[in-house]
Amino acid sequence: MEYTKKVMELFKHPKHVGEIKNADGIGIIGNPTCGDEMHVYIKVKENKIKKIRYKTFGCVSAIASSEAMCTLAKNKTLEQAEKITDKDIANYLGGLPKIKYHCSILGHEALKKAIENYKSKRTKK
Amino acid sequence: MKIYLDNAATTQPAKEVIKEIDRIQNKIYGNASSLHSFGKEAKRELEKARTIIAKKINARPEEIIFTSGGSESDNLALQGYALANKNKGNHIITTIIEHQAILNTCKALSPQGFKIDYLSINNEGTINLKELEKKITKHTILISVMHANNEIGTVQNLKAIGKICKKHKIAFHTDAVQSFTKVPIDVKKMNLDLASLSAHKIHGPKGVGALYVKKGIKLNKLIYGGLQENNLRSGTENIAGITGFAKASTLNPKMKEITNLRNYMIQKILKEISNSHLNGSLKQRLCNNINIRFDFVEGESILFLLNENGIAVSTGSACSTHTLKPSYVLLALGLKHEQVHGSIRFTLSKYTTKKEIDYTIKHLKIIIKKLRRISPLTKWNTQKK
Numbered sequence: 001m002e003y004t005k006k007v008m009e010l011f012k013h014p015k016h017v018g019e020i021k022n023a024d025g026i027g028i029i030g031n032p033t034c035g036d037e038m039h040v041y042i043k044v045k046e047n048k049i050k051k052i053r054y055k056t057f058g059c060v061s062a063i064a065s066s067e068a069m070c071t072l073a074k075n076k077t078l079e080q081a082e083k084i085t086d087k088d089i090a091n092y093l094g095g096l097p098k099i100k101y102h103c104s105i106l107g108h109e110a111l112k113k114a115i116e117n118y119k120s121k122r123t124k125k
Numbered sequence: 126m127k128i129y130l131d132n133a134a135t136t137q138p139a140k141e142v143i144k145e146i147d148r149i150q151n152k153i154y155g156n157a158s159s160l161h162s163f164g165k166e167a168k169r170e171l172e173k174a175r176t177i178i179a180k181k182i183n184a185r186p187e188e189i190i191f192t193s194g195g196s197e198s199d200n201l202a203l204q205g206y207a208l209a210n211k212n213k214g215n216h217i218i219t220t221i222i223e224h225q226a227i228l229n230t231c232k233a234l235s236p237q238g239f240k241i242d243y244l245s246i247n248n249e250g251t252i253n254l255k256e257l258e259k260k261i262t263k264h265t266i267l268i269s270v271m272h273a274n275n276e277i278g279t280v281q282n283l284k285a286i287g288k289i290c291k292k293h294k295i296a297f298h299t300d301a302v303q304s305f306t307k308v309p310i311d312v313k314k315m316n317l318d319l320a321s322l323s324a325h326k327i328h329g330p331k332g333v334g335a336l337y338v339k340k341g342i343k344l345n346k347l348i349y350g351g352l353q354e355n356n357l358r359s360g361t362e363n364i365a366g367i368t369g370f371a372k373a374s375t376l377n378p379k380m381k382e383i384t385n386l387r388n389y390m391i392q393k394i395l396k397e398i399s400n401s402h403l404n405g406s407l408k409q410r411l412c413n414n415i416n417i418r419f420d421f422v423e424g425e426s427i428l429f430l431l432n433e434n435g436i437a438v439s440t441g442s443a444c445s446t447h448t449l450k451p452s453y454v455l456l457a458l459g460l461k462h463e464q465v466h467g468s469i470r471f472t473l474s475k476y477t478t479k480k481e482i483d484y485t486i487k488h489l490k491i492i493i494k495k496l497r498r499i500s501p502l503t504k505w506n507t508q509k510k
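Line order of the protein sequences matches chains A and B. If you read the first sequence in the working numbering, its first letter stands for residue 1, the second for the next number, and so on. If you read the second sequence in the working numbering, its first letter stands for residue 126, the second for the next number, and so on.
A hint or two may mislead.
What the hints assert, rightly or not - BS3-like cross-link-like pairs, simulated, lysine-lysine; straight-line CA separation at most 30 Å:
#1 B/490 / A/6
#2 A/76 / B/495
#3 A/98 / B/495
#4 B/260 / B/211
#5 B/450 / A/5
#6 B/490 / A/21
#7 B/393 / A/12
#8 B/291 / B/408
#9 A/12 / B/495
#10 A/87 / A/15
#11 B/211 / A/15
#12 A/6 / B/127
#13 B/343 / A/12
#14 B/487 / A/15
#15 A/74 / B/461
#16 A/113 / B/494
#17 A/15 / B/127
#18 B/490 / B/381
#19 B/494 / A/15
#20 B/343 / B/313
#21 A/5 / B/487
#22 B/494 / A/12
#23 B/495 / A/15
#24 B/494 / A/51
#25 A/21 / B/494
#26 B/495 / A/87
#27 A/113 / A/74
#28 A/6 / B/450
#29 A/113 / B/495
#30 A/12 / B/461
#31 B/291 / A/12
#32 A/113 / A/87
#33 B/495 / A/5
Note that these hints are calculated values from the structure, not bench results.
Start from the sequences, fold in the hints, and give me the full structure.
This is how it looks when you write it as structure tokens:
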């Protein structure tokens, strides 16, 4: 299995690891039984993702996909962030091995869930 | 620094072995089947090697068949025996932790009318002899149990299994690829009829192995041709590889030194890294095998970060395989999926040094800490405590 340089770089030097206390939205996807679990935290200000952090249990490509997703979503409006696809994440990484492509889907879905969570909280208010 | 701790996958060829192979490649290039002096010379080397391997397991030279390696030996043993003895019965018993060379051969035999039963293991990694006896029917023709497991290093009690086979008059095969030269093998005391061996796991060359076939055991061949190897395995003999194999089997395996180093490494990891656990038995374990699971983190990530530091290991995690399936051996131990995902195998050799082990543990500690900081499972689990 060959990972791209970008995948290895993001995996070795992650920049968005962590949690956000009082996050505006949280997205949790996967479970450890399958080998991947991703938690995404977002802070939203003026309809923009101001801060984004994650915690991931998983392989090299799951961690790199989490990083890629954070980099792509940061400072984007919610509408823009919602449009980020698994393909965008995979492209940002310079591609993923075929059997690892699901990691990029995980990133996409975790972000989607975090935004949904933020929106549902707001409507409740 | 480059550190090789994947000796269950393959080993570095010993200098003595390379020298021996070189000697043969340079001087003894005849075909062992030829009648001229070149052929005679090759034949002499071949038979010398056969005698050396035979002595190692208390067999007779004519009971050793050279093959292309462990997988071919396993295939020849199972397919060969099953197909040649179909008239006696169609039932085979093996274990769920066998190497894929056995499991996939069994899978290939089932549509040909053979019924296969797989023995389970306990949480130490050993099979239950009572379960084995219960599974035996009047149709059982072959029992195949690996000597030492490639992932968790558990050594099975072949002598006790051999006794059961003898009592019920059933042929007994063992895949001894991992144990050869590390655990004594005596085909007579263990009542073995068939045993698979491999060269590249014992600092020999790749592409060479052997099958012990007890005198009188009938096998169907897999490869047809010039009737070499007692008409069981045709093809011009790989004299260089075979003599290299024999050479490797005579070298000091340094079991005691490896065992000490293994115990040192296990103790140090379990002591210095919290929430780490040894998979499988410590007592009935190959001298060079360590398999440890680290809670809250995933094995492929550990493997790649160790590799970044020049350290080579392997993992039971699904994420590292072509099929994305977690190790069936670790699952058979009763581990949960997430525990299997966090398992790393370190396999030592006689060339491994204490300095290398210390260097590995130093980096391992940093890596596990780093990955646990990234993992969402860490917080929840430590909070529970």
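Here is how each hint holds up against the structure:
1. B/490 / A/6: holds (25 Å)
2. A/76 / B/495: The hint holds at about 29 Å.
3. A/98 / B/495: Cα-Cα ~27 Å, so holds.
4. B/260 / B/211: Given that 30 Å is the threshold and the Cα spacing comes to 19 Å, the pair holds.
5. B/450 / A/5: holds (26 Å)
6. B/490 / A/21: This hinted pair holds, its Cα atoms lying about 28 Å apart.
7. B/393 / A/12: Answer holds: residue 393 of chain B to residue 12 of chain A is near 26 Å, not above 30 Å.
8. B/291 / B/408: holds (27 Å)
9. A/12 / B/495: holds (10 Å)
10. A/87 / A/15: Satisfied, since the Cα-Cα distance of roughly 21 Å is no more than 30 Å.
11. B/211 / A/15: With a Cα-Cα distance of about 63 Å, the restraint between residue 211 of chain B and residue 15 of chain A is violated, given a limit of 30 Å.
12. A/6 / B/127: holds (24 Å)
13. B/343 / A/12: violated (56 Å)
14. B/487 / A/15: holds (24 Å)
15. A/74 / B/461: violated (36 Å)
16. A/113 / B/494: Holds: residue 113 of chain A and residue 494 of chain B sit about 28 Å apart, inside 30 Å.
17. A/15 / B/127: holds (28 Å)
18. B/490 / B/381: holds (27 Å)
19. B/494 / A/15: With Cα atoms ~16 Å apart, residue 494 of chain B and residue 15 of chain A stay inside 30 Å; holds.
20. B/343 / B/313: holds (18 Å)
21. A/5 / B/487: holds (26 Å)
22. B/494 / A/12: holds (13 Å)
23. B/495 / A/15: holds (12 Å)
24. B/494 / A/51: holds (24 Å)
25. A/21 / B/494: holds (22 Å)
26. B/495 / A/87: holds (28 Å)
27. A/113 / A/74: holds (16 Å)
28. A/6 / B/450: holds (26 Å)
29. A/113 / B/495: holds (26 Å)
30. A/12 / B/461: holds (28 Å)
31. B/291 / A/12: violated (56 Å)
32. A/113 / A/87: holds (17 Å)
33. B/495 / A/5: holds (20 Å)
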